[in-house]
Amino acid sequence: MALHFQSLAELEVLCTHLYIGTDLTERIEAEKALLELIDSPECLSKCQLLLEQGTTSYAQLLAATCLSKLISRVSPLPIEQRIDIRNYILNYVASQPKLAPFVIQALIQVIAKITKLGWFEIQKDQFVFREIIADVKKFLQGTVEHCIIGVIILSELTQEMNLALSCLVQFASTRRSLFSSPERAKYLGNLIKGVKRILENPQGLSNPGNYHEFCRFLARLKTNYQLGELVMVKEYPEVIRLIANFTITSLQHWEFAPNSVHYLLTLWQRMVASVPFVKSTEPHLLDTYAPEITKAFITSRLESVAIVVRDNLDDPLDDTATVFQQLEQLCTVSRCEYEKTCTLLVQLFDQNAQNYQKLLHSASGITVDMAIQEGRLAWLVYLVGTVVGGRLTYTSTDEHDAMDGELSCRVFQLISLMDTGLPQCSNEKIELAILWFLDQFRKTYVGDQLQRTSKVYARMSEVLGITDDNHVLETFMTKIVTNLKYWGRCEPVISRTLQFLNDLSVGYILLKKLVKIDAVKFMLKNHTSEHFPFLGISDSYSLSDFRCRTTFYTALTRLLMVDLGEDEDEFENFMLPLTVSFETVLQIFNNNFKQEDVKRLLIGLARDLRGIAFALNTKTSYTMLFDWMLYKRYPTYIPILQRALEQWYGEPACTTPILKLMAELMQNRSQRLNFDVSSPNGILLFREASKMICTYGNQILSLGSLSKDQIYPMKLKGISICYSALKSALCGNYVSFGVFKLYGDNHFDNVLQAFVKMLLSVSHSDLLQYRKLSQSYYPLLECLTQDHMSFVTNLEPPVLLYVLTSISEGLSTLDTVVSSSCCTSLDNIVTYLFKHIAKEGRKPLRCREAAQAGQRLLHFMQQNPEVLQQMMSVLMNTIVFEDCRNQWSVSRPLLGLILLNEKYFSELRASLINSQPLPKQEVLAQCFRNLMEGVEQNLSVKNRDRFTQNLSVFRRDVAEALRSDGSTEPCSLDMMS
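The numbering of the sequence shown is this note's numbering, which starts it at 2 and goes up by one.
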């Protein structure tokens with residue numbers, strides 16, 4: 002029946018069928034009729050009819066839904082008509098305040114949407130849609146029912162205006178390709194006008210959600226528009242002033258919305274960074290406002306300290322991640338008109354340093370004033386490091402370098418003052434700030450490409466006697482040694498100090514300079530707990546604090562290797578403290594040992610040795626460690642670690658460092674494990690690793706079921722490390738695995754069985770949920786299917802099904818490392834199976850064993866055909882419907898799957914084609930014909946490459962065919978549900 006002949010009664014019946022009907026056919030018919038209503042010229046009159054004469058709430062809900070759809074169209078209704086609709090609904094809900102709640106809510110949403118979309122529209126010099134505020138006041142002055150409606154309108158308006166800001170963000174990210182230049186300029190002009198109006202009337206930003214959204218919008222604005230475009234907008238000068246004031250106010254009220262400051266600094270960082278690229282003659286005004294932003298940040302941080310200390314608030318300095326993020330943004334902004342920033346910092350630093358010295362010499366001890374002064378100094382040191390680091394992000398001059406020297410002098414003097422007073426005079430926050438400064442100075446003025454004539458050293462030479470980067474390196478190393486001596490009980494300072502040392506030790510030219518420094522020579526000869534307490538095993542140190550020892554020994558070993566050459570005696574001397582520790586452990590193990598002491602010794606040793614092993618990237622240097630650990634003292638040391646795994650298998654704090662050491666030793670990085678042909682070292686190393694993996698695997702399975710929060714740290718983390726170590730061994734190319742079977746050695750078989758046992762104790766969901774586990778298991782499986790298919794084919798059917806299912810589930814994961822490994826493993830299996838079938842009937846005797854293995858796999862696949870079919874379906878779905886980021890990897894197993902199961906591929910093809918409208922079916926059929934064009938019935942490299950090329954074209958053509966839909970299918974009325 003045509004819509005204009007439908008009566009009110011018929012419309013209400015259709016509404017009933019839609020909302021409460023149970024007959025699917027009737028519901029579909031109702032949806033079609035109501036969709037026609039929305040597109041009908043009679044829609045408004047029908048909505049009015051439903052609202053005024055409708056006998057059910059569903060009729061009123063339909064009217065509200067249709068109105069919402071009408072006013073949301075791309076081509077909006079005339080402004081007069083929208084005003085009429087808004088006024089009509091306001092009068093309607095005012096006259097009928099006892100409507101069903103869901104009807105009132107739907108009608109108010111229409112009002113809010115009209116208001117949002119028309120917020121900036123002007124009629125007769127008035128913002129006509131902003132009169133809603135006065136209308137709401139009338140509701141709030143009425144009856145209880147009217148007050149409730151008024152509150153609902155206010156709530157909905159707040160939500161809608163927040164959405165309006167989201168829309169601004171979305172519009173700002175519109176790609177420039179969608180606009181021609183004139184349209185883009187016009188659009189940008191309107192956008193800037195909108196920003197100007199919001200900033201001139203910022204009451205709507207008092208809501209934290211709106212405020213945060215607006216800050217995000219401002220950051221996105223510069224992302225999508227160049228500064229050269231912005232300065233051409235007529236309102237730009239006024240808007241940049243308003244944004245500057247808005248930013249300064251936000252920085253001054255740092256406790257209101259600290260997370261939003263990030264977006265404002267992002268805006269200014271991007272604008273200042275783009276200044277050199279502006280070709281427009283129009284002034285960008287950043288030289289006026291950027292220094293004001295920098296000043297506001299500096300002064301607001303310093304002023305916050307007293308408030309934090311006196312009111313006992315959370316200190317922003319404790320959130321180092323946020324602090325570093327904001328400082329990295331500020332560094333660019335601060336270099337704009339750098340003279341102003343430098344002058345301010347010099348003045349503030351001198352003033353606060355003097356106050357700090359006065360407090361140090363006062364008799365009052367640690368007071369609130371001292372805490373405030375230390376906090377302010379910490380901020381100032383961070384800020385000096387930030388502006389010095391900003392040299393790398395902004396055009397600098399010799400004068401700017403001299404200013405950096407002026408500022409840096411003050412921090413180096415503070416370092417001297419602080420270290421002189423150790424251990425009595427110490428402050429963790431200042432120390433962390435100093436390490437930030439030192440790192441920024443290192444990146445800027447110390448390194449392989451240093452400008453030796455930099456003016457930064459002019460002032461530093463006069464005041465401190467630091468004339469070049471060699472003197473700076475001496476200062477760095479003296480500071481590092483001081484921190485390691487006196488801050489042993491403060492993990493944050495030790496950790497940051499060692500990271501700084503590690504960063505210094507990367508780069509050959511710097512290493513050559515560092516090894517000449519006395520402090521470095523001292524460290525190389527005295528790396529014991531006597532000199533560096535953090536290397537001790539005292540109960541006062543948390544086991545997690547031991548992690549930094551790996552970083553320490555990595556850096557120290559890099560320094561050792563500079564002049565070591567092949568001097569084994571020197572290496573033995575360097576290893577002497579670790580030799581003593583191992584001998585101590587051995588003695589304790591052989592006697593009635595104190596469990597906690599030996600455990601801590603072993604944890605420290607494992608972390609130390611891992612750091613050393615990580616730094617040894619040549620065959621000569623690695624062999625020295627290998628001889629020290631596995632040859633000269635074999636089999637003394639390694640069994641100690643194995644015994645520790647047996648003893649403390651349920652304590653990850655102990656097992657994880659030992660397993661990570663083993664995994665590092667198995668890494669053939671830079672071919673360091675390529676031993677001489679006469680050497681048994683590769684086999685010897687693998688045998689010991691096999692024992693450790695088997696020991697851990699057998700013990701960890703005895704833990705039984707674990708809770709969700711325990712399963713990863715207690716079990717899965719250790720398994721992932723074992724898998725990583727095994728993968729390194731299998732792919733390292735330093736062990737001939739055939740030797741084990743030939744000579745009756747079961748270490749290889751044992752470790753593979755341990756792999757299976759551990760795997761079967763893990764659910765498929767856990768394999769994919771824990772990233773480190775999945776990124777160790779799937780590459781290991783890739784190695785096994787590539788070089789050890791005889792092992793795979795010998796797996797029991799349930800185990801093989803588990804493995805294949807894990808591949809199937811991994812194919813569709815978003816992690817491309819995992820999905821690509823799954824594709825390679827599947828390709829290896831499919832290729833193995835295809836080759837076996839191709840050789841059927843012509844099996845020479847020497848290949849009988851291989852033929853039997855192939856027959857087992859073929860038999861399994863025949864018994865479980867759905868396994869490969871499911872994987873083919875997943876891969877085809879990925880190619881056709883998803884954003885395939887590893888198309889080449891997907892193409893390799895897909896050809897083999899198609900050739901092995903052409904019937905199922907035909908069914909998949911028919912299913913996809915038949916699911917599309919008739920006009921598309923022939924296009925898709927041609928796409929499939931093109932896919933297999935020129936592809937032969939084999940898996941040669943040439944044939945695979947042809948299929949890969951065809952698949953790329955196929956994916957593009959299918960995507961285009963699915964997109965080019967001339968008549969859009971009607972969607973269901975989900976807005977009514």
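Simulated from the structure, these hints should not be mistaken for laboratory data.
On a predicted model such as this, the values are computed, not experimentally measured, just so you know.
Just so you know, even glycine gets a beta-carbon here, dropped at the ideal spot from N, CA and C.
Among the hints, a few may not be true.
[Unchecked claim] With a cut-off of at most 25 angstroms between alpha-carbon atoms, the simulated DSS-like pairs for lysine-lysine come out as follows: (1) Lys296 x Lys197; (2) Lys444 x Lys514; (3) Lys517 x Lys600; (4) Lys125 x Lys138; (5) Lys125 x Lys223; (6) Lys197 x Lys125; (7) Lys514 x Lys526; (8) Lys33 x Lys921; (9) Lys620 x Lys709; (10) Lys742 x Lys718; (11) Lys197 x Lys139; (12) Lys114 x Lys47; (13) Lys773 x Lys692; (14) Lys33 x Lys125; (15) Lys486 x Lys456; (16) Lys33 x Lys117; (17) Lys139 x Lys114; (18) Lys758 x Lys709; (19) Lys840 x Lys943; (20) Lys70 x Lys47; (21) Lys47 x Lys99; (22) Lys513 x Lys600; (23) Lys70 x Lys33; (24) Lys125 x Lys47; (25) Lys620 x Lys600; (26) Lys99 x Lys125; (27) Lys138 x Lys114; (28) Lys114 x Lys99; (29) Lys486 x Lys620; (30) Lys99 x Lys33; (31) Lys486 x Lys517; (32) Lys840 x Lys904; (33) Lys235 x Lys114.
[Unchecked claim] Across the chosen pairs, the derived CB separations fall in these ranges: (34) Thr619 x Lys904: 51 to 59 angstroms; (35) Ser912 x Met233: 49 to 57 angstroms; (36) Gln938 x Gln500: 39 to 47 angstroms; (37) Leu577 x Pro424: 25 to 33 angstroms; (38) Pro424 x Ser762: 48 to 56 angstroms; (39) Gly210 x Gln500: 46 to 54 angstroms; (40) Glu867 x Leu587: 51 to 59 angstroms.
Practice item. Against the earlier hints, flag every one the structure doesn't satisfy and list their numbers going up. Key: 3, 5, 9, 10, 11, 14, 15, 16, 22, 24, 25, 26, 29, 30, 33, 36 and 39
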